[in-house]
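S.K.: As a plain string of letters, each chain reads:
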Amino acid sequence: MDISSLSRKKLFPLLVWLVILFFGCSISPENRTDILSADRSASIVPDYSGIVIPYNIAPMNFRVKESGEEFFVCIKSKRGDEIKVNSKSGIIQIPQGKWESLLKENIGAELIIDVFVKSQDGRWTRYKSIVNQIANDPIDSYIVYRRFKPLFNIYKNMGIFQRHLGSFDEHTVYHNRLAEENCVNCHNFWKNGVDRWLLHMRGGVTTSMLLVTDEKVQKIDTKTKFNGPVAYPAWHPSGDLIAFSVSKLILFFHQVGECRDVLDQYSDIVVYDIHMNTIVTAPQISSPDRLEIWPEWSPDGKTLYFCSAPKIEEFENLKKQGELAYDEIKYDLMRITYDPINRTWGKVEVVIQSAKLGLSITEPRISPDGRFLLFTAAEYSQFPSYIQSADLYLLDLKTNKWKKLEVNSDKVDSFHSWSSNGRWFVFASKREDGLFTRLYFSSIDSLGNVTKQFILPQKDPSFYDTYLEIYNVPEFTKERITINPQVLAKAALSTTETIKAKLDPMVLLNMDSRK
Amino acid sequence: MPESKEKLSIKKAGVWIQEGILLITSILFLTFQIHPTLILELQPSNFLMDKKFFLEFLSMPGGLVDWLSALLMLLWFSDFYAAIIIAICLWLVALLTRTWMQTLTGVNSIHTIHIIPAGLLLVLYSQYDFRLSIIVALIVNLLFLNLIIRTAPNSLAIRLVLIIVASIILFWLTGGAFLLFALLCSLTELLIRKKYITGLLIVIVAFVMPYIASMQVFLVTVEYSYLHNSIFEYFAKLRFVTYSIVVFYTLALMFIYLARLNRVQNLNNKLAKKLKGGKYVYYLAWIGGTIFIFSGTFFIAQKTHDKVIKINLLVNRYSKENNWKETLKLVNEYSYVNPLMLSQANFALFKTGELLNKAFSYYQAFGVKGLIMNYEWSATWPEQTSEIYWNLGMINESLHWAHEAFELRGYTPWILKRLGMVYLLKGDYEAAKRFFLNLKKIPFQKKNAEELLWLNQNPNELTRDSSNKHILSCMPVEDAVLLEKSFMKKMELLLEKNPKNKLAFEFLIASHLMNGNLKGIAANIPRFYELNYTHLPIHVQEALLIMGVIDVSISYNELKKYIQPYIYNRFIKFQQILQNRQQNLNNAKPELQARFGDTYWYYFMYIGRSTLQSEVQHGYQ
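From first to last, the protein sequence lines are chains A and B. Each residue of the first sequence is one higher than the one before, counting from 1 in the working numbering. Each residue of the second sequence is one higher than the one before, counting from 516 in the working numbering.
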């Protein structure tokens, strides 16, 4: 049919309709005059509202949790181009490049997120702006964590991964399918770098520590006459020594609540010299009357902090013979002076008594400037990951005052780590469901004021809804780990190139004198 | 001399009939002999319709074939459906083998011989742990092989590039299975096309590629890189069959090479002339070949059929289907028992109300491990242990083993549902929701998942289901920690919470019986009456009689009210046999076994001695 044959009567309404459709669609909701205003901020998931964010963080994609047919989000700050995102589903995925530029142009300024939602009747509602703050200090570029399904006894799929915090790139540092599906844990980095770092492995021939120094991997069998395999490492600031705890762990099960629990039958602290390949300890940190664990060096290397509890025999239940009052095992925070030149130990001193706090203190981590000590405190236990009451506490080493942090939840909050500039910390929390640990970040200023936490951003904002793996032991690193996972696996499986750690003869002498 | 149209159509029909026979007999053999859904008991389909899940498969060599096979296994709704899927796969192997042979020989009447690989694969299916992905990988490789041979250009360089590119793609799609493709391409170049350098280059590239890929591209071991989805990955059992498949293709190519030699061709022609009137020769070869191949296949399949594992898997399936009668029948008929079968049988006995009456009719050689498996056995069959704890109401233990199963088997409907249900019953609704949301991503589970998600939002409705109501009534409310890992303590704990937890009670009594703890049994007698037992179960009466013999302070008159006369009379006869044999246990054993093998007395005297330590051994680590 020729268009001229169409009557004007028919053509005119069609044109009007097309014009309305064209302009109607092109007017962004923020410029509309017929818009409604809500007296609250839109609910978004994950909760990225009222937070302080580093300028080098990946786009914080989110889902608008308001009912509507269409969604529009405008992200802006003082300078630079606004980021506008339209969505039918409510899933807001922010373009990486625009996000990076906006944040970098507005360091120290506010980041405003305006959310608009179109309801079923076609009317748009503008919610109150979500205001976040872009911090002056960057966060370390990478985070390294262990990722696996909630673990009991069997582990088939477990890996250590490094995630670039400025993007969504995750790469595998090591995966246990490369080496007999072994258990891999306790990755730890000297001063948040990747020049010297280590990880532990358990299972068959791989049971060892892999020590990486300047891209060279060494498999070290840390078992000696004094100790079994080591765990919970802490690098001395010199990078020459590593303090560890050595313990015998018992896994047991509860019939109600969190199923899993562990206790140490015994534990001590040892120090490994990476150059001399020697393990040393002292009665002060490996007393037969105490359970010592979780070592942490002060940044000047002259003090070793650790946690300690009376020996297990003291918790035998007097009311019920043969039973153990496991829930009364509480650890104190201790410290001991250390002379790094003469390698001598001073006297042990109690920093916080568990009785004073009423909780068991574990996982002490000191800020790089030495001012604060972040620790976990829970009802009992040396392993807070299974204790839902576990929370983060901050001890000001200058004033010796501590406080419970605002970032805590009613579920497990533990396994924290400091960024190299001391202005950020990351921790693992089970706040969402009590089962799956996710990584949360928070900023901290020089006075110890902490801001609201935010979850590790993911490309798909619904990612955490169905993801059935947990993240734990997050550790910041400044650089990317370049060593090939296959090289680590080859070292782990090697039986000929294992370096057997030596025990300092003085330890043997001490052991003999104990007998 | 070209064959007549009539002869050709007869031969074509002959081939199709043969392949039809392959399809039908495979379906029948699999459906009625193998029961392929039993394979799901051993290797349940780990599958989610999810982008991230799919991409994870793509990050592994052979991952796409693994993903596809897992998807196909979701369609195994019954033995028949599963048999159809497997039979189609086998037929595709035969079809692609025939096409390959026809292309290389130029002969359109290849018959019988091309069935051999499919037959050998069918034999492997008699083992239950053979994976579908190996067949799918073989099909993909044969498909590529046919495409390459049919479309390969004459230009040597282009052909070489084409084969190498195809090898890379095939390695990514199918894993180490691509080596067969590379080997056959290489041999074709060497023998048929006489391009020796090209042939060698293909071999070298193909054999180096998995090594480099495992070192630089994929996070897999070198062994995985070479073997995954190849026939050699299935190596532990029936080695001769796995070897034969590769040897078949290699030899076939050799024969084709020889057939193309003039001398052999001449010989062929002479033979053909001699056997003129060859229609009958063809029929003879066809019939003989068909009979030989099929009877050979089914003979080997029958001979190598792993009946032990089949019984285990059948017992598992019957238990899942609450088919207690068949469970007990199978365990009873079969002389071989293990903790898995015994735990299923004991649970079936409980369900039929006969645990304490007939438990010792079965060979309770594993003591309490036959009630709930120990760590080693549970670690292999975690779903079964989780199920028993679930029924006991010990849901943290059920959770524990469901998590172990999750780590071991991945995203299966049963595991996701169980984990979700446990968290739901525990009141951890957010955790439960995550498992149900994943269940929703499994094809055909959407409705089920949506119902569970609704229940998760309306937990008050949980008690509408009687089984949930029962579990809730049995669940411990106050925490307890069992550092000693004692089975009996666990049962006592459950009984503290709910004295009417009959399963816990009968398991407690059974464990006392199995451990020879007669005092423990005596102490629990009042509980039988509290639980409305009309009279004491047979094995308990039998145990009391032994107690009366051992403890001289207990007179029969005291026990009389508990013991039924026929049981007492049997016991007298039991004792008489022992006396006749001068209390010599070895001498008396055959007769006692024949007449009293189903009694607690026989267990106590002969079998129980080796299992009395079970309680101590029953630990997690």
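Careful, some of the hints might be misleading.
Restraint-style ranges between C-beta atoms, simulated for each label pair [said to hold, decoys possible]:
hint, chain 1, residue 1, chain 2, residue 2, range
1, A, GLU328, B, LYS566, 32 to 40 Å
2, B, VAL680, A, THR278, 52 to 60 Å
3, B, GLY535, A, LYS65, 54 to 62 Å
4, A, PRO288, B, ASP644, 45 to 53 Å
5, B, PRO958, A, GLU70, 27 to 35 Å
Calculated lysine to aspartate or glutamate pairs in the EDC-like style (CA-CA distance at most 16 Å, straight line) [what the hints assert, rightly or not]:
hint, chain 1, residue 1, chain 2, residue 2
6, B, LYS955, A, ASP465
7, B, LYS1004, A, GLU323
8, B, LYS567, A, GLU258
9, A, LYS411, B, GLU945
10, A, LYS452, A, GLU170
11, A, LYS311, A, ASP289
12, B, LYS941, A, GLU258
13, B, LYS956, A, GLU323
14, A, LYS149, B, GLU922
15, B, LYS567, A, ASP460
A short list of chain A residues far from chain B (calculated; beta carbon distances all over 12 Å) [as the list claims (entries may be wrong)]:
hint, residue
16, GLU30
17, GLY108
18, ASN153
19, THR213
20, ARG260
21, LYS430
22, ASP433
23, PHE436
24, PRO505
Hints in this document: simulated from the structure, not taken from any laboratory. Every residue, glycine too, gets a C-beta built ideally from N, C-alpha and C.
S.K.: Against which earlier hints does the structure fall short, listed by number upward?
M.R.: 1, 8, 10, 13, 18, 20, 21, 22, 23
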